[in-house]
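Undergrad: Read off the chains here:
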Amino acid sequence: MKKILVGHWETAAFVIILIGAKAFLGYPRMVTDWGLTAGWLVVLFSGLLSIVFWLFIAGVLARFPGKPLTEITELTFGPFLGLGINIIVFLYLLFSTSNVLRLFSEASTLTVLTETPVNILALLYLLAAWLAAYYGIEAIFRCSYFSFPLISIGVVLVLLLLYPYFDLKMLFPLMGSGMGPVLMSSLWGTSAFSEVVLLTYLVRYFSFNPQRLKNVGVFSISYIMFFFIVIVMVYQMVLPYPTGSETLVPFYQLSRSIFLGHYFQRVEAFFVIFWTFTAFLWIATGLLVGAIILQDTFKLPFYRPLLPALTLLTFTTAFLPEDLIQAIKLEGEIRMVYGWIIAFILPIFVSLVALILRKGEDKVNGSQN
Amino acid sequence: MKLLQQLGKNIAKILIFNGSKEREHFIITDNNNSSQGKETNKEKETGSSNGDGDSKYTGNDKNKVKGTGGKKRKNGRCQIKKPVRVAKSSLSVKEQELKNIEEEIKQKNFDFEELSVNSSLEVNKRYLEIIYSLPKNKDIIIREFYIALEKPLKAFVLFIDGLSNADIINNSILKPLMVLLDEGVKIKHGEVAEYIKEHLLPGHDVKLLNKYRQLLDFVNYGNTAIFIEGSSQCLVVETKGWERRSVGKPEVEQVILGPHEAFNETLRSNTGLIRKALRNENLITEMLKIGSRNRIDVAIMYLEDLANPQLVEEVKKRISSIKTDYVGVAGVLEQFIEDSPFMFSPQILTTERPDRVVSFLVEGHVSIIVDGGPRVLIVPATLFSLMHSAEDYYLRLPYGNFLRVLRIFALFISILTPAAYVSIVNYHQEMIPTELLLSIAASRATVPFPTIFEIFAMEFAFELIREAGVRVPGVIGNTIGIVGALILGQAAVQAGIVSPILIIVIAITGLASFAIPNFSISFGFRGIRFIFTILAAFFGILGISGGLFVLLLSMVNMKSFGVPFLAPVSPKTTTGPDVILRGPVWSMERRVDYLKPLDTRRQPKISRGWLKNPRQGGKK
Amino acid sequence: MVPKIKGVLLLCLMIPLLLLIQGCWGSQETDETGYILLMGFDKGEKDILKVTYQMAIPHPVEGGEAEKATEIISVEAASIYGAQQLVSAFVSKRLTLAHNRGIIISEELAREGLSKYINPLVRSRDLRRTTFLMVVKGKAGDFIEKNKGLIFEKYPSRQIDIFMTSSDVTGFIYKSDIHSFYQGLKLPGQQAVTALVGVQKEKEDEDPKLEQKKPRSYEEKVKEEVAYLPGEIPRKGGNKIELIGLAVFKDDKLVGFLNGEETRYFQMLTGDFKKSIFSFPDPHEPESSLIVMEIKKRAHPKIKIKADEFKTVIEVDILLEGEILSIQSGRNYENGELRQELENYISTFISQEATHLIKKTQEEFTSDIFGFGEYTRGFFWTWYEWVNYAWLAQYPYCEVKVQTLFKIRRPGMMVKTAPTHKY
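Chains as they are written, first to last, in my numbering: chain A, 2 to 370; chain B, 21 to 640; chain C, 6 to 428.
Take these hints with a grain of salt, some might be off.
As the list claims (entries may be wrong) - In silico SDA-like pairs for lysine to any residue, Cα to Cα no more than 25 Å straight-line:
1. C:Lys280 / A:Tyr164
2. B:Lys217 / B:Lys296
3. B:Lys616 / A:Val7
4. A:Lys170 / C:Pro193
5. B:Lys579 / A:Leu169
6. C:Lys98 / A:Thr115
7. B:Lys296 / B:Asp619
8. A:Lys170 / C:Ile10
9. C:Lys228 / C:Lys311
10. B:Lys579 / C:Ile10
11. C:Lys302 / A:Val7
12. C:Lys98 / A:Leu111
13. A:Lys330 / C:Ser129
14. C:Lys301 / A:Leu169
15. C:Lys311 / C:Asn393
It is worth saying that the hints were derived from the structure and are not from the lab.
Whenever a hint applies, use it, and build me the whole structure from the sequences.
TA: Next up, the structure:
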């Protein structure tokens, strides 16, 4: 099979959209909960912290050029333990994807199509995502590259159109809940950027070397961090602290508040296109990367046959929480708060062990990253 | 399946009792003593015409004629009829020889590919009679004459009436050989044909051929073959002259400022039009033959020092590997060689304007010209080149860009407008200003059908009008257009079947789809529009979003001869400023990168030498 | 590859077929939907809440006869959604609040406390936070009914929009929507306000027992040119409803009203003021002539709050600029000393009135409707400290200093006025 390679711009766009999808779900609200009026500060700190984590992880990848993280885990820990760790990662990815699927379907039901049952919407998302995952990694990367400027224009448009409501005073008091809680929550907040670690599982499909990968990761994290800061700032200016932590779908609520005169109001249905597009891409990626992780873990030749089973699994897992509040709790209290452990700490652990045991490509040179 | 047919036939016989005598059905028999037996009998009974016509020949392995072309060679061309028997006793040597040949033909596999010109004129004549089924075939003329040498040499010319120009035959072949020959010309015995070619025959394009396959190809195309007694080679003179359309105006791609020439149906005039615009020694025309029955020429034109050799190889490989019996026009060839025939969008650009072909050749594309139709295929094509029209370049920069932006809007309008209407009116009524919504509600109050039904009915009517308008004879053609679209719509509104806003929606969509320059892709978008409408009717704006996503996915996945369909945007490659908007002509310095041409620089950095200021492109 | 595509296509085809069996959900044809344009809440007589809806009857734009364009329905129920449901019993449409343009709450309900009614409005999917919110002096049902004979527009939605946007040029109505009201309820630095509306008082409504107001002097008449509460404007013709004034809330209860003039100063202090036309008594002839100025906001007011342990001082600088519209006395106020005098006079005038207004809110309403508390945010590092500071409790005891900087930019089309001859 011809080797598929994707370029670095597409990878950057891909990661940005992946991470950015959170802004359409509950991320601004969660950040407001943690940092009160200093939500944007939480974002800033978590972004910087994730960059630090990422540099470490990417450094590990440089020692094993061309090998995805699944293989590195196996090399470091041996077959059984490595298998275990990879399975844990896969389960976490499955859990994330199903949670995101549930939340997006619920959000669509709540906001746009009130009477369509949630499972039909979830099915719609899943089918489109399955098709995308079937077409393969090239298709998803290129799709995200193509749609990335359009989605960012949509988001910027919403933010700009809310100009009449901007009130800078709402961003004060600066420290929000206090320095301590802000720093603590930025530690958990790095889970928001945890999708960047997915890149390490796709190393085989990249056309660039690990040094470039490091730069791509840093660039994407900083770009999306900037975007998040702007979104959270606008969100806190328009819907300040006590009211801001009440909304279910913050971005939708923002687009609902656009009022520029008698003829340009109630246009939130138009902005729905942007975030549903992001939803499709996210779920497609979740399926794809899950399949690739399984393929690498079990040394299967192809990943496409895994997709139907994975789709069904995601669908059923998505509907395990009984109601929306449980799903939100899963997102906010479990995935956000503990996700960074699996996403960042685990690879760092792996890399530390690799360092200690001195495994790596350049045994001759004995070089470190 | 066949059983059902049989059953049906029997039931029909019972129910539709026909007392009179049964007519004799016309039955097409095989020429072959077929091993197919029952199957063909059944086909004969039901009188089905040969939709699966090839099946008669595919099972025909036993009587297959040997040849290198595989399926091509098996077919009808070489079905040899049983010749008339002659009495054995009265045969002369010559006739015995002929008879031997016939026996040979009958019994062995007739090796047509290897058949070469015999030195005996009689044998050649016999061969030709068998091949062309003379004297039944009245188009083929064999004119015998004597070449006026010292010792008159018997010869005959073979040509096809209607394809060859009789004047040239008379004046350039028969006259010099029969009348104008100098007495006393001595020719050595073995070199008759060469001597004639070099000294006696004033034709501008004369070839010496030996194999029947080649020379018959030429004769079939309008050339004349001269067979000479005693020569095992035959002369083929170019005498093409059939009725053809002159170079006319483009029918589909009209521009306001720009040349108004279009291709016509003759290969040579098409290549001539391209050559006249691109006067370059590196412009190569390679010829291939395609179609086992109609054997027409396909010309591949490219610039040798520019086009990627791999691309040219790929094109040649694809075309020469097509095995079919009839490729009539470029459209059919396009369907054979494109990558994804099921996708909504074409992956090959077709055009009927020579100036467009030339501009693509200069970028490094390869063009394919098929004899018999005015469309030329350009390979590879990306979405952006499909959306460009020639007009953009001939106009000044602001107007060209304005047209481009307009076209992009037209693209989105033609896909999304009915879907947006359905989704807004059914699901997202809050988006419209209140007064407009109440007006729509008022006009829809009298309509008994749901919105989705209205839309489909009107779309269907519109498509019907469009299709009918193509076939209506020219005089009433225009009236039908106006009558159909406006009055029908107006009448429908008055009758209360549709609401007036819907007419506007449909009309705008139709107009927008005409604004897309490439006919095939606008057709594709027309089809997609229906899918979007269905999606929007079920899922509102989420359906539109999902549809856009799947559309983008399928476009991103398409490749056109190895080039991704959405290049240069999707895999990011360097290109000149000509993707969506166009840059000024002096800044188009680089060629597009996705073709990997051999020479990427088009203009030097400073292309306007007349400006004084070096920074703006002038000399110091 | 071909069979695979066929398989995928088949799959995609099956889904719509499945859906066809169930029908499409949520698809609402326009003739099944009833669009509510205005909604009003009253205290119910037979039940807890009385809700009045003004529904649109769709008419095509060309059909210009004076047909009935809206229908007014009122229903009593325990909750807003309950009322909406009950309507389906006697109106053959499914109601939607998507095009609702305004919510009108009666005085009675507002005095009891609005947070229990705000909650469903904010949570609602149909209703947006940009819907206008108004308190009516009187009953909401009356207001909507009296608005029936719409004179200039067909539907009240446009009418309310135009009314509200007129605050950009007059300043005596405040563009309050659910969003700003909600912020005022929840943020610890400000209190909520809404626009005040009412119905023109009929002759029969006047209480004959009420003593006549004492006649006002010329100066007072000039100064109180727009100082009306809704229903009191001396006029004839036009719509029966009046939108002027402000309803002041403390926490979530209505505590008082501000008339049109005070609303203008309120908007000046919060920075929402855009422009308006003011009449002042002529400084040299206060009993017989006046000056009319069009005053515009020059910049956002500069508000500084100085707090130490003993007292808190609020310092406000209002920045305005103006254009002369009328000088009845003919003096040359456009130029020179007189101009300076006029500017000072107007500045002092406005400062006095603004101070008066702030004091009124401090003493009478004890509610910081201007949002001065938001400016104290910068004093603290964390949210909890700021909440503990409890500005709203301290507000009534603050000192206030208002200063106006007013400049006359343009004198209209005339540079000076020639005197009229007196023979």
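Undergrad: Sort out which numbered hints this structure fails and list those numbers smallest first.
TA: 2, 5, 8, 9 and 11
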